[in-house]
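Here the structure of chain A is known, so what remains is to put chain B in place on it, guided by the hints.
The lines below spell out each chain.
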Amino acid sequence: MDIQFTEEQELLRNSVQRLLRDQYDFATRRKIVATEGGWSRAQWDRFAELGLLAAPLPEEFGGLGRRSLAAMIIMQEFGRNLVVEPFLETVILAAGLIDDVGSTAQRDEFLPDIAEGKAIWTLAWTEAGSRYNLNDVSTVARKTGDGYILAGAKAAVIGAPWADKLIVSARTSGGQRDRGGVSLFVVDRESAGLHLQSFKTIDGRRAAEIDFRDVRVPASRLLGNEGEGVLALEACRDTAIAALCAEAVGAINALNSATLGYAKTRKQFGVALGSFQVLQHRMVDMFIAAEEAVSLMQHLNLALVAQEGHCSKLASGAKSKIGEAARFVGEQAIQLHGGMGMSDELNVGHYFKRIAAINVQFGDPTYHLLRYARAN
Amino acid sequence: MEPNLSSEDAAFRDEVRSFIAENYPQEMRVPNPETDLTKEQSLLWHRILFRKGWIAPLWPKQYGGTGWSIIRRFIWEQETSRAGTLPPLAFSVTMVGPVIYTYGNEAQKTQFLPRILSGEDWWCQGYSEPGSGSDLASVRTKAVRDGDHYVVNGHKTWTTLAQHADWIFCLVRTDPEATPQAGISFLLIDMKTPGVTVRPIITIDGSHEVNDVFLEDVRVPTENLIGEENKGWTYAKFLLGNERTSMAGIGRSTRYLNRLKEIVNAEIPEDDAARGEFVKDIARVELDVLALEATELRIVAQMSRGIDPGPIASLFKIRGTEIFQRITDLTHRAIGNYGLALREHPPSANIYMPGPDHGHTASEKYLNSRKLSIYGGSNEIQHNIIAKTVLGL
Numbered sequence: 002m003d004i005q006f007t008e009e010q011e012l013l014r015n016s017v018q019r020l021l022r023d024q025y026d027f028a029t030r031r032k033i034v035a036t037e038g039g040w041s042r043a044q045w046d047r048f049a050e051l052g053l054l055a056a057p058l059p060e061e062f063g064g065l066g067r068r069s070l071a072a073m074i075i076m077q078e079f080g081r082n083l084v085v086e087p088f089l090e091t092v093i094l095a096a097g098l099i100d101d102v103g104s105t106a107q108r109d110e111f112l113p114d115i116a117e118g119k120a121i122w123t124l125a126w127t128e129a130g131s132r133y134n135l136n137d138v139s140t141v142a143r144k145t146g147d148g149y150i151l152a153g154a155k156a157a158v159i160g161a162p163w164a165d166k167l168i169v170s171a172r173t174s175g176g177q178r179d180r181g182g183v184s185l186f187v188v189d190r191e192s193a194g195l196h197l198q199s200f201k202t203i204d205g206r207r208a209a210e211i212d213f214r215d216v217r218v219p220a221s222r223l224l225g226n227e228g229e230g231v232l233a234l235e236a237c238r239d240t241a242i243a244a245l246c247a248e249a250v251g252a253i254n255a256l257n258s259a260t261l262g263y264a265k266t267r268k269q270f271g272v273a274l275g276s277f278q279v280l281q282h283r284m285v286d287m288f289i290a291a292e293e294a295v296s297l298m299q300h301l302n303l304a305l306v307a308q309e310g311h312c313s314k315l316a317s318g319a320k321s322k323i324g325e326a327a328r329f330v331g332e333q334a335i336q337l338h339g340g341m342g343m344s345d346e347l348n349v350g351h352y353f354k355r356i357a358a359i360n361v362q363f364g365d366p367t368y369h370l371l372r373y374a375r376a377n
Numbered sequence: 002m003e004p005n006l007s008s009e010d011a012a013f014r015d016e017v018r019s020f021i022a023e024n025y026p027q028e029m030r031v032p033n034p035e036t037d038l039t040k041e042q043s044l045l046w047h048r049i050l051f052r053k054g055w056i057a058p059l060w061p062k063q064y065g066g067t068g069w070s071i072i073r074r075f076i077w078e079q080e081t082s083r084a085g086t087l088p089p090l091a092f093s094v095t096m097v098g099p100v101i102y103t104y105g106n107e108a109q110k111t112q113f114l115p116r117i118l119s120g121e122d123w124w125c126q127g128y129s130e131p132g133s134g135s136d137l138a139s140v141r142t143k144a145v146r147d148g149d150h151y152v153v154n155g156h157k158t159w160t161t162l163a164q165h166a167d168w169i170f171c172l173v174r175t176d177p178e179a180t181p182q183a184g185i186s187f188l189l190i191d192m193k194t195p196g197v198t199v200r201p202i203i204t205i206d207g208s209h210e211v212n213d214v215f216l217e218d219v220r221v222p223t224e225n226l227i228g229e230e231n232k233g234w235t236y237a238k239f240l241l242g243n244e245r246t247s248m249a250g251i252g253r254s255t256r257y258l259n260r261l262k263e264i265v266n267a268e269i270p271e272d273d274a275a276r277g278e279f280v281k282d283i284a285r286v287e288l289d290v291l292a293l294e295a296t297e298l299r300i301v302a303q304m305s306r307g308i309d310p311g312p313i314a315s316l317f318k319i320r321g322t323e324i325f326q327r328i329t330d331l332t333h334r335a336i337g338n339y340g341l342a343l344r345e346h347p348p349s350a351n352i353y354m355p356g357p358d359h360g361h362t363a364s365e366k367y368l369n370s371r372k373l374s375i376y377g378g379s380n381e382i383q384h385n386i387i388a389k390t391v392l393g394l
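Heads up: the protein sequence lines correspond to chains A and B, in order. Per our numbering, the very first residue in the first sequence carries number 2; after that it's consecutive. Per our numbering, the very first residue in the second sequence carries number 2; after that it's consecutive.
Check the hints yourself; a few may be wrong.
Claimed, not checked - Computed Cβ-Cβ distance ranges for the label pairs, DEER-style:
(1) A:R178 x B:K389: 56 to 64 Å
(2) B:E323 x A:A49: 41 to 49 Å
(3) B:A302 x A:E293: 31 to 39 Å
(4) B:L392 x A:R68: 37 to 45 Å
(5) B:R285 x A:L303: 35 to 43 Å
Simulated from the structure, these hints should not be mistaken for lab results. Each residue gets a CB set at the ideal place from its N, CA and C atoms; glycine is no exception.
Here chain A stands alone, though its shape is the one from the complex:
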């Protein structure tokens, strides 16, 4: 099992690599993160121009298809370059959900704008007490004559300050942790009654706590069947995990090559750092972690493409194992860079911080280990 890219996939990978090499070096990324908004519309436009925002979508919307591995290819390069723009949130999460469970009208209304880079989206499912449990939802959607009224709060929603639209999970029936009774809604960020408290994230992005104070949502903005939101979110989580694993692999590879390069050139006690056996063995372990991570990541992405039945268990397994591998590589990359690894100037710490965030998004390694253990 080793992925041989098709010509089309190879072309996509080369063009992402070229774009990021030319337009998204670490100095540029640093400037983007330091701006008031914390992301770059110009970069987003370039992604759109190159077709990256359409690539993982169905062919009818200009993409290579949901089962094309496009997301994996793009996210791996984004991980290598620490891209901050909300590709995962907009193209993988939102567009994926819309394509999975949206009506024809909704797909036609929303997907072209996403593909063309005209709209930023995010997914608001986490709540203050939910941890990583998709069905722990206390935000409620009350049915009215012509739609719903949302009341409640979502927590730590990545990309919310940037988003034009949100997909929000809210309870239309059942108790706080029931699997059934959760529905998904498309909500304009500018809606009356929707309040954001923005903050900076550990990996240089922006997120927000969101209050819904009786936000009115028309019935046409119900996404998928009422009460079946958790099922949709579970499938969405598997895809998101596959993308995050690809991103983590990109970061791991970048860290390993930086560390190896440093160990070969940096002199200590008159010799190269890399000549110390204790550090050689450490770097071998980092190499092994990377090899295992890339294998599992490919395995998961191929299984999702083939729509194999065990995907959800595999996704949790990969998220746990790759998360731990990335943490190990990140910690050791800092350790082997010494004081420089602690400096904000160097990219090494920023990979470590992105990995820390990946290990929170959609569940930490322990959560997924337990989920893997319990899955059939």
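For chain B alone, kept in the frame of chain A given last:
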């Protein structure tokens, strides 16, 4: 864990406890004292201890020390770190002070020691240089004799709190021909001297603790040389010995472990399977702390019988830092989705920080604690020390 105390020592412990409870400034109780206090705020406790006569337990009585026994010094360490008080600036009191009273001349002792005790002078450490890492003897900063001055040129880095410092103690190369260790001298430099520039280094947690210090044609009077020229390595090693004894950090780890338990109890429902994992992980760390604390007590008992602890400090450094890193990692995990948030620096009430209060520093502590296994001689170096000097390998 408590040492076996005589009734006098037990009374002393009670006195220390109530002194801390009654006198530690409320103003210093901030989320992260290492980064959140101004210079003046961080000196408040120093001055209180100075007035009480408790500022320098390590020092001999004649220079302003407390004259405490080893057991009492240990009690002091234990009680202050359990209470979470900000220790007096180590670079002044623990590091340069002992070098000055051990190797300095009378004029230097008179000039510097009282001002260290009172907190009038803030010292920083000019050891590390770009490219030196744990190989401190590779010092490249040069000091060239010019009449009754040295002219110093070089670049020091990772200099903790140099932005507040009045003085810097520096390793400088005075004999470029000698073997690396033999050509080094120990020089005290006034930070106000022309040619001294401090540039902040921001670390991955966003805080400003460390700095670059540039020295360009800095003229330093020869009377600021400690001991003999080219003997600086001896003094430097003496100082590092003092640095490493204090790295077990039992009190700090215990406090952060208690915070971790509080977070786990508050944030993870009892019927969540992850709760059981955290309980096991916490128990493992608690046993690590217990074992290290028992080792510390055993060593303290040996020292009070006059037995030289030798390079055991390396053990405390390795395990103490590993334990604290593990606790900050678990705390970051325990806080769940709010582990995404990172407090901005410098901290301000105007900047919004989401999530429960007890989790506000989880991210920055997790990031910041990566430094512990790097500084003060990396943990790899500490392993080498034990391999060589204890195991004879």
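Does 37 to 45 Å hold as the CB distance between L392 of chain B and R68 of chain A, or does it fail? violated (57 Å)
Between the beta carbons of R178 of chain A and K389 of chain B, is the distance compatible with 56 to 64 Å? Given range 56 to 64 Å: holds, Cβ gap about 57 Å.
Could you check the hint for me, namely that E323 of chain B and A49 of chain A are 41 to 49 Å apart, CB to CB? holds (47 Å)
Kindly confirm whether 31 to 39 Å is satisfied by the beta carbon distance between A302 of chain B and E293 of chain A. 47 Å Cβ-Cβ, so the 31 to 39 Å window is violated.
For R285 of chain B and L303 of chain A, compare the CB-CB distance with the range 35 to 43 Å and indicate the outcome. holds (37 Å)
Checked against the numbered hints listed earlier, the structure breaks hints 3 and 4; every other hint is satisfied.
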